[in-house]
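For chain Y, the structure is supplied; the task is to place chains C, V and S on it using the hints.
Below, each chain spelled out in residue letters.
4 protein chains.
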Amino acid sequence: MTIFSDLESEVRSYSRLWPVVFDRAENSRLFSEDGRTYLDFFAGAGALNYGHSNAFLKQALLDYIVRDGVSHALDMLTVARRDFLETFQDVLLTPRGLQYKVVFPGPGGANAVEAALKLARRVTGRQSVVSFTNSFHGMTLGTLAVSGNATKRAAAGVPLTLTTAMPYDGYPGIGETGPRHLDRLLSDGGSGLDRPAAVIVETVQGEGGLRTAGAGWLRELADVCKRHEVLLIVDDVQMGCGRTGPFFSFEDAGITPDMVCLSKSIGGFGLPLALTLIRPELDVWKPGDHNGTFRGVSASFVTGAQALRSYWSDGTLEKSTRERGERIAAALGAIADDHSEAGLEVRGRGFAAGLRFATPGAARAVCVAAFESGLLMETSGAAADVAKLLPPLTISNDDLDEGLDIIRRCVGAVLARSK
Amino acid sequence: MTIFSDLESEVRSYSRLWPVVFDRAENSRLFSEDGRTYLDFFAGAGALNYGHSNAFLKQALLDYIVRDGVSHALDMLTVARRDFLETFQDVLLTPRGLQYKVVFPGPGGANAVEAALKLARRVTGRQSVVSFTNSFHGMTLGTLAVSGNATKRAAAGVPLTLTTAMPYDGYPGIGETGPRHLDRLLSDGGSGLDRPAAVIVETVQGEGGLRTAGAGWLRELADVCKRHEVLLIVDDVQMGCGRTGPFFSFEDAGITPDMVCLSKSIGGFGLPLALTLIRPELDVWKPGDHNGTFRGVSASFVTGAQALRSYWSDGTLEKSTRERGERIAAALGAIADDHSEAGLEVRGRGFAAGLRFATPGAARAVCVAAFESGLLMETSGAAADVAKLLPPLTISNDDLDEGLDIIRRCVGAVLARSK
Amino acid sequence: MTIFSDLESEVRSYSRLWPVVFDRAENSRLFSEDGRTYLDFFAGAGALNYGHSNAFLKQALLDYIVRDGVSHALDMLTVARRDFLETFQDVLLTPRGLQYKVVFPGPGGANAVEAALKLARRVTGRQSVVSFTNSFHGMTLGTLAVSGNATKRAAAGVPLTLTTAMPYDGYPGIGETGPRHLDRLLSDGGSGLDRPAAVIVETVQGEGGLRTAGAGWLRELADVCKRHEVLLIVDDVQMGCGRTGPFFSFEDAGITPDMVCLSKSIGGFGLPLALTLIRPELDVWKPGDHNGTFRGVSASFVTGAQALRSYWSDGTLEKSTRERGERIAAALGAIADDHSEAGLEVRGRGFAAGLRFATPGAARAVCVAAFESGLLMETSGAAADVAKLLPPLTISNDDLDEGLDIIRRCVGAVLARSK
Amino acid sequence: MTIFSDLESEVRSYSRLWPVVFDRAENSRLFSEDGRTYLDFFAGAGALNYGHSNAFLKQALLDYIVRDGVSHALDMLTVARRDFLETFQDVLLTPRGLQYKVVFPGPGGANAVEAALKLARRVTGRQSVVSFTNSFHGMTLGTLAVSGNATKRAAAGVPLTLTTAMPYDGYPGIGETGPRHLDRLLSDGGSGLDRPAAVIVETVQGEGGLRTAGAGWLRELADVCKRHEVLLIVDDVQMGCGRTGPFFSFEDAGITPDMVCLSKSIGGFGLPLALTLIRPELDVWKPGDHNGTFRGVSASFVTGAQALRSYWSDGTLEKSTRERGERIAAALGAIADDHSEAGLEVRGRGFAAGLRFATPGAARAVCVAAFESGLLMETSGAAADVAKLLPPLTISNDDLDEGLDIIRRCVGAVLARSK
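Residue numbers (the working numbering), protein chains in the order written: chain Y, 304 to 722; chain C, 304 to 722; chain V, 304 to 722; chain S, 304 to 722.
For reference, chain Y alone in the conformation it holds in the complex:
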């Protein structure tokens, strides 16, 4: 493994938790080159909602490559791009009564957020943005400024300005009244909070400890934004594409954000793709105002469109995720109950779930123990105090149960040790 440590920057992280060289992968299983099998409750940090090497997507991709489909095309018109757009319209937007225009802002989630912030500022003529405690939106200068993690913020090397973090739902003390607090500050000409261009929010904080925003809280937030003519951006990069059940994680709350950021699983096969959806009235950009080399990745168009057709033409996957999401929650609840003295807290929604540990280091220890038992899962939260489950939505029931059982055992072992 010396080439990794010799040649790569010390900034690498996952390889430290899982010091093994992976070779192949199928659905919820990864295979290392030394012949071991790992159950994947990590799923590419949410980029592999349809599992590894998904057979439907794989075939579509192979066909496209074999026939020399255009592989790279910036924002040129291609058959693959058209097919993706039509499928996106027909399978997702139209049935949900959603009207959005699509921006392909660049290959990753940070590009989707950068584009949303940029357009929000352009449209409103305002410069500041409100985000939330424990948010995570990316590592570029614009997206880091709306992210909460102090260590990553400090790594910017420059002050991150023009953003203010408000308390997220459930934040101790005042989280639940967050939207009302924001309303008051925006209504008060002396509050010192400049009226922002936009509010950016995750419905579940994937990197921020699996905290969740309630439907009522989100609706109140949407109302406050509307009242003050502030744009509401939902960053659905990790929670979209069905991770919590519905395709868009905000569907259950009954809100319609002004902008939506998608990436990770939108390409389906794990290849980069990102979208920023914007209300048509907001499309004030002139040609070329925002550009970039990898704005449309044909391979991702092909597998992304296939994923929409295979999994979102009917409600099967959504129903499965909702039902099995409850199974996950129940299993985690049972683990928490087994160790009531330890004050475990179940977090998350759907297939984005977590167990929060009061004991420092326990969550990490559980993940290490899980790895030794053949299960991949990571921690979440600035304090790394949450063991996070993010299985592929396509995982079999057997694999899901096996994974949950490993977690149960590992938690037991770790808590026993820490007594």
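Worth flagging that the hints you see were computed from the coordinates, not collected in a lab.
It should be emphasised that the depicted structure is a prediction, and the values quoted were computed from it without experimental measurement.
Just to be clear, a hint being listed does not mean it is correct.
Each pair may be met inside one copy or between any two copies, as identical chains are not told apart.
Claimed, not checked - Below, computed lysine to aspartate or glutamate pairings styled on EDC-like, alpha-carbon distance capped at 16 Å:
hint, residue 1, residue 2
1, Lys404, Asp309
2, Lys529, Asp486
3, Lys404, Glu313
4, Lys404, Glu311
5, Lys589, Glu313
6, Lys404, Asp393
7, Lys404, Glu584
8, Lys722, Glu644
9, Lys589, Glu311
10, Lys722, Asp641
11, Lys361, Glu329
Below, chains C, V and S without anything else, positioned relative to chain Y:
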């Protein structure tokens, strides 16, 4: 085509110059769905140095997908990642005597630049950065701040701070003495130019009108940086991977930048990948200080490694690019001579070449006429006054000559019209 | 009056409320050139705590000018400067057990705050600052950034960055737990609130609606700052110099700020002077790091030293302010009781008092009516909903009662009208 | 002297060069408390153009204080304010055909510049400002950002943004073509220089080494500003009020700035006052958009108006300054000629003159020697390489000659020593 105009943001640009739907592509040829063939002097804005659907890369990619190679892995250890790193070391770094550590900063060139700026600020404890007139480094907040284009800067919606643009080589009046001017400002305690963390420069300004920095100018710049302990970053996203002849565009100048940004053709097949190379001493990052979902794209590792093996194990491609680059320059020089009254100027280096037109609109008109003649090429520069040639390095001599001939004819027609 | 409207910018404000030309003034009385007399409950917005043309100060000033004392001296050593410093030390610091070094940062309160923020950032190496809702600290770029008023912030023409406003004591919803909320945000590595260099606070918000911070709240704030190694700056520009009773407004809370900003009445006679007091350990500045032309105004040194000797050598003035402050509060309370249906709220502390009106425009109407009755007082708060009393501390009981009676009558008339 | 070192911050500076306690002063003479007399070629850094304790001004001030004239009045209407405005209009503006509205922005020069920048940004809707190498405009956050001194900039503790320094007239290499260079950058859509709200310039750089801008250079700069609709601000804080001859230092260049900043000697007697003059069309402020406690200092109104009447009702002072300015230049030229091997350079204009020394430390040594000979003068420039003469305009010929002679002798002694 209505789905494109109905559903996509007005920000799309290339599709306006080339209103045709492309389907397949091979090396230097694109095929539209209505059966027409286009000669490609655009090459994915430099992302397709090895041509479309390159057979070596295609086979490696198909093999990898067929055998269910891990498609997505963040910064986990994989066989594909290791192979890429080893090849990068063996084929590129070692033979050139270069010692760099590799950061995979995210999927696109902007990520490579964001990471470089971030690390430069962190290492030096300074916050400002010097860039150059007519530079282009990306569309995220951090990279836009070091880019010169006024329209794209304005689209940010916020002031772009902590950066100062110095005159690039050849900039009217003072460009040639740019490094000396910078030296004086940094030596003068009253100049008002804060000592920067880094200077970021392109050796040829791909988006900035194909202006070129001379070898002496670059060496002087490197010396000034060294003297003032300012880091030198070469953004080789467009000019690297052999575009001007050598793999790294700065090789001929004999300088060793502190950091190098690569993307576009580094993945080989047109799929996203980006690298930031850093001098080992600069690797002060802690694990996870910078992260992201698409930091290692396995498909790009596979095709990128194959491209290095196929094209950079010996000097064949480099020699060809240098020799044929002179052919391009000669052909453009002949066109300029044919129209000496029009004051055409030949720009660029190697396979990044351009013709600068004094008449407003002429360069665009040439590109439009070229498209009508079956040739794809775009303009460059904030004033769009340069017709830019960026053919695949693997183009056949026949295709190259055909394209140059089309340009010759189109320039003649456009200039005749504008008289 | 046309010269005023012809030649002065529209930005002038007080002259609109009081459209009369003043000529002379004595203690709590102003005399217009047309022979009318006005009772002054405005006192130069707090710059005239010792009244107009105070006889002790006037004589000292005349003596100094007559004998050709140095009038202007930057930070050169002068007899006047020495006398001021010695008096400041002997009369104020030593008896209170306070150890501060003195910075003369420039002529006005904004200079005192700019210097404090500058030094706090320098000492801590951090860049952001926490202020409070409805704060007011000045009109320069640095001080406006920590001020809450939206209109004045917008007038900056640039975004005001590196500052975050926290809820002040009593702010609806969460103000009372403000320090605890700040503590939590600073303890939470994911909160998105960068650890600030300093917290800047007013004990009573003179421009922000006469809101007051309780002693316990201030102590808790001081504790939080200490725990997180954040510097605590008290802006005592308006509330210092005895306005609320004790010389320093924070004395009753039992806290010792790391820095204190003084101006307005510190010069005594209404001439400019400003001081920034800093804990000795914070004095990291090198000679000349901060400079300016009017850092030491000799005339103000002379009258300022005399004021300290005349009014702060014993506790007479402080006692009077406390006792008569209660009389003011009682009188305002009686007015509020008289109109219990109107929901009037008594605000402030000591000789900085206010009546908050729920009815928009009522506070302004009271001030207009007061002017017509020969009393000068202004509104406070971003919504101008507080009628503010700021009489000279040296006002006679008769004048004080007369003024309070005018207010009683004006409030009655205004509320009767608005029914 | 221990009270000064014990109680004052280390930031104090002049007292280190002149470690003596001054007591009284008359015109060009300062008297220390130990009975020594000093000739003043410093004049309060330009705040005492009419000398110390000027008899005309002194009498007016005493009369005003004796009769209990209103001493402090914010922007209330007063007899003193009206008299100042009328005199300013009649004596200065009308005879010169200048149309400006007056802002009283606060007590010091920094306030005048802060207000100008604020208004320029507000009017244009643009945020950045162009300043010049070696400029000095103040110590507040907004004014420091347009100042060149690296040490003072670093003391801000935050990055100073939204400003770019262009080469001043005579700056090595490109200074002479500065306006043309600015024109090119503003005309080039790819230059990376955002179109600024304003350009701020000093006609002679009082703190920046007494560099001067030529009349042609200033006119070209004014033309460039006009062409690009950028506001031109002349900071005349130090060079205005007749320091270079005419009242406004830009009169000889024949330009009419959009805004002019005045302070220092505008109050006449050394008491604080500042003005921002703005073209009437720029007066877009609403009442109270900018405010402050010491916006109108009555004492300064009284002495300032008297100074205008006494010294600017006819051309006597201007003529004297021009003629004697030439005498100063000739004397300095003769000193330079005497030491032609030392490469002395005469700098400045009118009564703002300097000798630039190539030898590090020589300028400071000359000032130290001068002090020992009873002459006060300071260095100028970031490198402190210029010995600066700034005598009162009212100095007698004898005192002027005596001072020049001391300088001649001190230069000789210092250069002899350094051989």
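Each hint tested on the structure:
no.	hint	result
1	Lys404 to Asp309	between (45 Å within a copy, 8 Å between copies)
2	Lys529 to Asp486	within (11 Å within a copy, 31 Å between copies)
3	Lys404 to Glu313	between (40 Å within a copy, 9 Å between copies)
4	Lys404 to Glu311	between (39 Å within a copy, 5 Å between copies)
5	Lys589 to Glu313	between (41 Å within a copy, 6 Å between copies)
6	Lys404 to Asp393	within (13 Å within a copy, 46 Å between copies)
7	Lys404 to Glu584	within (9 Å within a copy, 42 Å between copies)
8	Lys722 to Glu644	within (11 Å within a copy, 62 Å between copies)
9	Lys589 to Glu311	between (40 Å within a copy, 12 Å between copies)
10	Lys722 to Asp641	within (15 Å within a copy, 65 Å between copies)
11	Lys361 to Glu329	within (11 Å within a copy, 22 Å between copies)
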